[in-house]
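K.L.:
Chains as they are written, first to last, in this note's numbering: chain L, 1 to 340; chain A, 1 to 261.
If you're looking for bench data, these hints aren't it; they were derived computationally from the structure.
Here the structure is a predicted model, which means the values were calculated and not measured.
Be a bit skeptical, because a hint or two may be false.
[Said to hold, decoys possible] Heads up, incomplete: computed chain A residues facing chain L, CB under 10 Å, no partners named:
no.	residue
1	L74
2	E81
3	K139
4	T187
[Stated by the list, open to error] Listing some non-contacts, in silico: residues in chain L with all C-beta distances to chain A over 12 Å:
no.	residue
5	K101
6	Y128
7	E140
8	V145
9	V165
10	R262
11	D274
12	G289
13	K296
14	N328
[Claimed, not checked] Distance windows between CB atoms, simulated:
no.	chain 1	residue 1	chain 2	residue 2	range
15	A	M56	L	E295	37 to 45 Å
16	A	G43	L	A94	48 to 56 Å
17	A	Q207	L	D143	39 to 47 Å
18	A	A156	L	F227	32 to 40 Å
Just so you know, even glycine gets a beta-carbon here, dropped at the ideal spot from N, CA and C.
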Amino acid sequence: MSWIVLLALAALTDVEAAPAESPPAVAEAPAAGGPPAAAASALQEPTPAEQAARERSQELVSGAPLYNPNVAVHIVQRKPFADRGLRELVLFPAVPQANGKFTQHFGTAASFVYHLHENFALQLTPQYNWYSSDSSFNQELVDKVRQEGLAASTLLLNWAVQGGVEVTPLYGKFAFFDSTLAQFQVVLTGGAGIGSTRHLLRPAAGNKPASYGDTGDKFLGSVGGGFRVQLGDRFALRLEVRDLVYTARVDHVNGCSAGELRQMRDVFDRLTRDQLDAPGAISSQVQVGGACQVEKFEGIDSKRAESRAYDIRQALSLVEEPSSDVLNNVSIYAGFSVLF
Amino acid sequence: MTRRLALWLLLLSVPGAAPAAPASGEDELIERVVVRNRLFDVGGRLELSPSVGVMMMTRLTDHYTLSGDVTFNLFHTLAVEGRATVAYSRQTGLARRIAQQFLERDPTLGIERADDLSDAWEMRGNALAGLRWAPIYGKISLLAELPVHFQAYLSANVGAGSFHRQSLVYCRALLSRDEGTCSDWLTESRIAGMASGALGIRFFTSQRGALRFEVRDYAFQDTYLVNIDRIVAESGGVTGERARAGITHLVLFDVGYAFIF
């Protein structure tokens, strides 16, 4: 057992580590004033059983008298499972946002981790948010006081891909209810990548779902930390908190600038409801750049059963006064992984 | 026993997922001695723990707390605790801006009747009692020669708290519509029952102390006025109906030190 490093061996004299109890094999001293027979018995040779117990208590296991009940051993044990050179595939089935002030996200993420060294790895993490919408707090502000967060502060993250590094500087083990042992590592991650954003244009109403406008891809950074609990040599559980940080500036919706949206609004104001439903009703009457996706503001939205042109005013209100913010999307990543 | 059996069945149902099984009897002995035998056993001992807390995310209110815990460890995994907290609380800048901008809207031109906002109560203090359950005991290697022992725990408490609330829409004396200023917002105070739960970890620094970190949720019933006639309110009249809303949660990050006797 050379892999065990004994760092400190609390000997029999270590009062703090050793409970104040006597080894069972040691004969007790006679009490003051006790009968002479008791004193005489204490001076007798130990019985074979007591002698065997004494010898066992002095038996060394990996250099430590582990059978001695008065010895507490503090060791740092080498990890029973080596990570170096292994690949790890992590699935985070549910990733809820933990700091949703104006927005709320729920998603699913996966992560591929290549362990270059025992405590250092490269990681790539794609994430898709299958729910991203205004928070109940933001909706309450709209409903009760006709206010809401700035456009940049209420930007929603559709998906993100970020890559970076992972370090595991701390290693430990714990016992659950004195019965089940588990090894764990503290995991720190950092990375950078891109994310796709959108903004709510019109909230859901009745059977009509909400409509959203694409606000472009944003550069993002990521920092996080958590735990990885080892289950055997092939599986692990992970619980992490990661903060996706991205700068949010809303100056285009579906690729269209404020000037282009003003043109569309003017056309929208001139047309009747039936004319708005016609294909190309907007695009045929405006001069916009190639990046502006006019088709997303015309035709019939089958889910809402009405013209997409009704989104033009909301989109214009978002970009008429461009806003910017630095958003922190802090989420909890709970999942499991396979090492191979 | 049933819990242990269930855990093993769950783990064994996944091939290769059994917890790190010792390879030999010698390894098993080492595992038992090193981790299961607790170097820091708190069973039967009393603790005094001062701590400070800050809110993890603010919306309408912000809180800073100073708490004191008296805990008696019935066993090394279970303790009874009493906790008293005083809090410095205030409305956030966001709340003040919301109130100001809402006041700038003339009620005669729109939103004549309004509902107050939820989760605007500020906690001023509380007294709680409950249990702390610490089923996990472990050690971690901070540096090569510094193994740190820790306990992870769950805490659940009930008790009563003192609360204060300043309305964000009920102004009883308008100063300036243009500037959105009010000289007399409606305020309320009350004492009410509450509950608290925490998830924490503490690192033993010696047999007599531990540094602890926890995430603590204070939960209490929210209540506010709805259907407030703003014109009546601004003229000094009484208006609005009491609504019992949901539960307000104040989630704080607490840092403290436990003195163990």
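K.L.:
Please name the hints from earlier in the document that this structure breaks, with their numbers sorted from lowest to highest.
P.N.:
Failing hints, ascending: 1, 2, 4, 5, 7, 8, 14, 16, 17, 18.
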